[in-house]
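This is what each chain is made of:
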Amino acid sequence: QQPVQSPQAVILREGEDAVINCSSSKALYSVHWYRQKHGEAPVFLMILLKGGEQKGHDKISASFNEKKQQSSLYLTASQLSYSGTYFCGTENYGGSQGNLIFGKGTKLSVKP
Amino acid sequence: DAGVIQSPRHEVTEMGQEVTLRCKPISGHNSLFWYRQTMMRGLELLIYFNNNVPIDDSGMPEDRFSAKMPNASFSTLKIQPSEPRDSAVYFCASSFQGSAGNTIYFGEGSWLTVV
Numbered sequence: 001q002q003p004v005q006s007p008q009a010v011i012l013r014e015g016e017d018a019v020i021n022c023s024s025s026k027a028l029y030s031v032h033w034y035r036q037k038h039g040e041a042p043v044f045l046m047i048l049l050k051g052g053e054q055k056g057h058d059k060i061s062a063s064f065n066e067k068k069q070q071s072s073l074y075l076t077a078s079q080l081s082y083s084g085t086y087f088c089g090t091e092n093y094g095g096s097q098g099n100l101i102f103g104k105g106t107k108l109s110v111k112p
Numbered sequence: 001d002a003g004v005i006q007s008p009r010h011e012v013t014e015m016g017q018e019v020t021l022r023c024k025p026i027s028g029h030n031s032l033f034w035y036r037q038t039m040m041r042g043l044e045l046l047i048y049f050n051n052n053v054p055i056d057d058s059g060m061p062e063d064r065f066s067a068k069m070p071n072a073s074f075s076t077l078k079i080q081p082s083e084p085r086d087s088a089v090y091f092c093a094s095s096f097q098g099s100a101g102n103t104i105y106f107g108e109g110s111w112l113t114v115v
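Chains as they are written, first to last, in the working numbering: chain P, 1 to 112; chain S, 1 to 115.
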């Protein structure tokens with residue numbers, strides 16, 4: 001079951017913040033966040049496993065709600081290098097371990 | 001440490017021709033994934049191997065597609081015969097399935113155009 005990402009696209013000025021959401025109708029085993037720049041491979045950002053978990057590095061962080069049905073990716077004080085398409089990949093309980101189902105992506109454009 | 005290596009990086013072929021995409025996973029990884037990415041459908045999992053054994057091939061579109069993993073360091077995805085609608089970026093990815101939350105690492109992709 002494909003997770004739902006929102007928004008589909010967002011345009012920011014450098015220094016502004018953004019939140020990208022990833023939702024599922026069922027509780028998830030894990031959520032993985034990736035960023036893909038045009039013409040390149042998706043690059044792993046972080047993984048969340050536990051309900052209520054929050055983690056991050058630098059100015060990019062993410063949360064996983066207690067019910068494990070929603071995750072949010074937070075980008076603060078955005079930089080030009082943050083531009084790209086962000087995907088959440090979800091693992092379902094009872095599914096093949098490591099089998100990620102990706103959302104349709106959120107295209108982030110950071111302007112000077 | 002080398003990442004996932006895919007070849008060819010770009011391929012243009014005529015409809016009806018056979019296409020073979022190749023992948024070398026990260027050394028030590030025991031799971032390998034083939035994904036296809038298009039604007040319309042996003043990132044789709046085609047097939048997934050664990051310890052060289054196909055575990056889930058429900059994403060393989062039709063019989064024209066086949067994938068093999070003869071050993072832990074090599075996999076192929078074959079399309080025969082190819083069709084224009086197969087044009088996409090094909091990503092190979094690998095991970096180590098040992099505990100919860102396994103990070104999947106992607107290769108640079110093979111850009112396929114079928115004319």
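These are calculated hints, taken from the structure and not from any lab test.
Glycine included, each C-beta is placed from N, C-alpha and C at the ideal position.
There may be inaccurate statements among the hints.
[What the hints assert, rightly or not] Not the full set, but computed from the structure, chain P residues with beta-carbon under 10 Å of chain S:
{"id": "1", "residue": "LEU100"}
{"id": "2", "residue": "ILE101"}
{"id": "3", "residue": "GLY105"}
[Stated by the list, open to error] Here chain P is said to cover these stretches of chain S; the calculated rule only asks that three of the stretch's residues, wherever they fall, bring their Cβ under 8 Å from a Cβ of chain P:
{"id": "4", "segment": "21–27"}
{"id": "5", "segment": "45–58"}
- Are there hints from earlier that the structure breaks, and if so, what are their numbers? Failing hint: just 4.
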